[in-house]
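Undergrad: With the sequences and hints as input, model every part of the structure.
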Amino acid sequence: MNDVAFPILSLLVFGPVAGALLVALVPAARVQLVRALSLTVTLAVFAASLSLWTGFQSCGGFQFVERLRWIPSIGAEYHLGVDGLSLLLVLLTALLGPVVVCFSMEHVRVREKAYYATLLCLLAGLTGVFVSLDLVLFYIFWEAMLIPMFLLIGIWGGPRRIYASVKFFLYTLAGSLLMLAAIIAIYLHHGSVTGVFTFDLVALMQVSYPQLLQKLAFLGFFVAFAIKVPLVPFHTWLPDAHVEAPTAGSVVLAGVLLKMGTYGLMRFSLPLFPDASRYFAPEVLTLAVVGIIYGAVLALAQDDLKKLIAYSSISHLGFVVAGIFSFDPRGEAGAVLQMIGHGLITGALFLCVGMIYERTHQRSIPLLGGLAHRLPVYATLLAFFSLASLGLPGLAGFVGEFLILVGVFAAAPWFAVGVAVGIVLGAAYLLWMLQRVIFGTLPEKYAGLSDLSALELFALAPLVTLTIWVGVAPRPFLNVIESAIPAVLR
Amino acid sequence: MHDILTACGPELLLLGAVALITALESVWPARGLRVKVFLGLLALAGAFVLLTATGEASPELLAGLWSGDPLSVVFKLVILLAATLTLFMAAEELERRSAAGGEFVILVLLAAVGMMIMVSGVDLIVILLGLELMAVSFYILAGFTWVRETTAEGGLKYVITGLFASALLMYGISLLYGATGSTGLARMASVARNGAADPLVLAGLAFVACGLAFKMGAAPFQMWMPDVLEGAPTPVAGYLAVGPKVAVLAVATRVFAAGFPAWFALWGPVWWSLAALTVLWGNLAALAQDSLKRMLAYSSIAHVGYLLVAVVSSGNNPEAAGPLAFYLLAYAFMNLGAFGALLWFERHVGTELTWRDLAGFGRRYPAMGAAFALFLLSLAGIPPTAGFPAKFWVFLEGWRAGHQGLVLVALLGSAIGAYYYLRAVYALYLLPEPEGSAPPPVPPAFSLLAYGVLLAVVGTAIAGILPQFFIKIASLAVVG
Chain A
1 MNDVAFPILS LLVFGPVAGA LLVALVPAAR VQLVRALSLT VTLAVFAASL
51 SLWTGFQSCG GFQFVERLRW IPSIGAEYHL GVDGLSLLLV LLTALLGPVV
101 VCFSMEHVRV REKAYYATLL CLLAGLTGVF VSLDLVLFYI FWEAMLIPMF
151 LLIGIWGGPR RIYASVKFFL YTLAGSLLML AAIIAIYLHH GSVTGVFTFD
201 LVALMQVSYP QLLQKLAFLG FFVAFAIKVP LVPFHTWLPD AHVEAPTAGS
251 VVLAGVLLKM GTYGLMRFSL PLFPDASRYF APEVLTLAVV GIIYGAVLAL
301 AQDDLKKLIA YSSISHLGFV VAGIFSFDPR GEAGAVLQMI GHGLITGALF
351 LCVGMIYERT HQRSIPLLGG LAHRLPVYAT LLAFFSLASL GLPGLAGFVG
401 EFLILVGVFA AAPWFAVGVA VGIVLGAAYL LWMLQRVIFG TLPEKYAGLS
451 DLSALELFAL APLVTLTIWV GVAPRPFLNV IESAIPAVLR
Chain B
491 MHDILTACGP ELLLLGAVAL ITALESVWPA RGLRVKVFLG LLALAGAFVL
541 LTATGEASPE LLAGLWSGDP LSVVFKLVIL LAATLTLFMA AEELERRSAA
591 GGEFVILVLL AAVGMMIMVS GVDLIVILLG LELMAVSFYI LAGFTWVRET
641 TAEGGLKYVI TGLFASALLM YGISLLYGAT GSTGLARMAS VARNGAADPL
691 VLAGLAFVAC GLAFKMGAAP FQMWMPDVLE GAPTPVAGYL AVGPKVAVLA
741 VATRVFAAGF PAWFALWGPV WWSLAALTVL WGNLAALAQD SLKRMLAYSS
791 IAHVGYLLVA VVSSGNNPEA AGPLAFYLLA YAFMNLGAFG ALLWFERHVG
841 TELTWRDLAG FGRRYPAMGA AFALFLLSLA GIPPTAGFPA KFWVFLEGWR
891 AGHQGLVLVA LLGSAIGAYY YLRAVYALYL LPEPEGSAPP PVPPAFSLLA
941 YGVLLAVVGT AIAGILPQFF IKIASLAVVG
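Read top to bottom, the protein sequences are chains A and B. Numbering of the first sequence is given in this note's numbering, commencing with residue 1 and proceeding in unit increments. Numbering of the second sequence is given in this note's numbering, commencing with residue 491 and proceeding in unit increments.
Hint data in this document are derived by calculation from the structure and do not stem from the laboratory. Any given hint could turn out to be false.
Unchecked claim - One side only, chain A facing chain B, incomplete, derived with CB under 7 Å:
#, residue
1, 71
2, 73
3, 144
4, 154
5, 162
6, 173
7, 177
8, 184
9, 188
To be verified - Pair ranges (Cβ atoms, derived):
#, chain 1, residue 1, chain 2, residue 2, range
10, A, 68, B, 650, 49 to 57 Å
11, B, 956, A, 47, 27 to 35 Å
12, A, 427, B, 856, 27 to 35 Å
Please read these numbers as outputs of a predicted model, since none were measured by experiment. Just so it is clear, CB atoms sit at the ideal spot from N, CA and C, and this is done for glycine as well.
TA: Here it is, written out as structure tokens:
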């Protein structure tokens, strides 16, 4: 354990908050300064997060732990730490920060000051969710991050943004309240058994809970997480939110926010309620497989490019949940890798959609076509990420999907069939989309479109690099992930 | 004499200030409003210091009529806070409308004294005296001369329902006196401890419960609240929504949880049902409100429901008075803050605001818009604001006391409630400004109201992010 003296995790969480305050203090007219400040803050946070990667030891347990008294009266602490499960998600969040800021610098022109301040708060909240080891602290970040996301969708989103943002907020809030009840229940049980009332996750995992409490508390947590993932039938907020969100919102939403649900399942549900998790595994696997196929089929039917990617997210997150509930170490590792891969690839795909939308002001697949002629670089990158998304070997999507398939097959072969069908359908909707968007004839009115700018390339470059890196040499990532798996499957 | 001074020094100080302002009022009837407000604030601050300095006084004073236990001290601090914020917010409004400002200050202080007497009283007659002092002050405040017709209507409604509630309460007390031969809570508690449930005592308790439920605005005795709060001048509405709740809930805890813990099985379900009904009724009815003031009025009914969860829990979990006090403290900050921000909008934009009228205010008035959004989110219980730890702690102790069902109902209520609070936030930030009728921008200027709101913002934020300090104070309040 390297209990570093320097509070690096607090820096990652509160650095963006401080950045947001700074941005808020800049006069609204000085847009350039606002942009530069946001980029600097996100780049600095990303640079700082790299020290986690270099300093991390793949030996299990929580590292970079920070622990302070916070509300001793009820046993809540300011307790932060990362392990193999959260490390990569923290890094992913930190990486997507500068990426979306770069994109936004090129395309966001409305109320920029408020926009960047909100974005920075959102990143802070997300990082907080991944590094909290105290359930109250976790819950606070979990809920608090709703507000910036609500504003981001609601102010800078598409035409139906208000409906989408309110729906997003209320859905997730309603789900979280049941989790709150479950948190209270296990806290009290732990306290009555051990005499120590604490919300410390590590301590709460030491106790085994009675079957009934496990099942009910599992369901309380599960609804909150299933809404976030989202699993069918809790998914209806997602297409609305995605379609109406601004590009940066979609990237953060798909890239990191959805992972809060799957992360929660691995961090809380499985370790805290091992028996209940296994008890409900068939039902959850069913929901996951239904989600995989349902999401894919709906993606096939979409004409809106953004909706297509949104439904593909439902499908891909179904893979992750299937991997988690395979209770197989390979499935678990695959699930985490798929979270990272999906974050990189789908984040990039949403950026690609945003880039074409900013040029043509529409996202309808039938109205596009032949982009390869006019925007070769863009078309190449869109094809690259689509292929990565459908699981082309050698790219990030493949490794996770393959491990999940192996894990699910070992645990429940019939479910693996469903998962495999999802992979085939994924190839279908993505290739068909590519065919219609980048091949064929370019509509007359798009003859004057320009290819990607340097800033846009700069935003996509790290995602390309990592997609290849994770696909070709996943070992360093898997080492990190595997160190955390025993704790998940205890 | 010394006994009285240590027992009720803060109350005497406030009464002294009342006497002084009354004297000033006869010398300078229409002038010196600032001095009078300043005197009022000074007296409140003095009472605050006196209260914290004496700290834990003897639990039984003045021949068993008066208690200086930590429970009373903690609740009195909240009352003083509410009165202070009210004076901050009302001062300029009084000046602007050249209303009878001195009387306003006097009434705010007298109401505070009444509530403090209620909190400290351990004899039903003392409690009743305090309650009447509070009620009469509020009857006048609620009908205070603001140029509005609804004011008189609301004020009258409040008087009639208030008198009815007092009658119920007095009848209950007389029954209790008939059955036990005393109005002292300690004596009643010993009767309850030693004997089986006497029907006469139970009937008395039922009437007392109805009277208290009326006074705090718990469903099904809530119907006066929206009209009265809507009709009352905005700063009074804030005070009226917070102050009486503090005092009446403290009394309910003292009479039921401290007086009759052995009969919890009998009175627990009554308050349980009132709590559940109030949470659901308040939140559902608030959904239907367009007027911000009415929305806040129904929201204050819903909050009575959450607070009653703590009262029910304190019946078999003495620790639950802590969350009750903390919730009230958080509620004083966020609710008075919300009414203060609303008053500010009313002053600069116009009265009778609906949530739709807030469209674009987030940009036009960035500071006050953000403050109002903060209070609304806090009322909804969204972290990291004071409303979250407040709800969380109440629900935690409720669950610990074995009222899981009630906590789930309260959670459901919070989920419903999030909608109408969020609706106002979304009007603030997401709705575009209406064309043409842009409200005037407001140049930043010294304003007591703005400072009052700032104080509430700071309280809401600190109690939300680093609540330990307040929680520690609140947990001194133990039912005993």
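Undergrad: None of the hints should be skipped; say for each whether it holds.
TA: Hints, one by one, checked against the model:
no.	hint	verdict
1	71	holds, 5 Å
2	73	holds, 5 Å
3	144	holds, 5 Å
4	154	holds, 4 Å
5	162	holds, 5 Å
6	173	holds, 5 Å
7	177	holds, 5 Å
8	184	holds, 5 Å
9	188	holds, 5 Å
10	A:68 / B:650: 49 to 57 Å	holds, 54 Å
11	B:956 / A:47: 27 to 35 Å	holds, 29 Å
12	A:427 / B:856: 27 to 35 Å	violated, 50 Å
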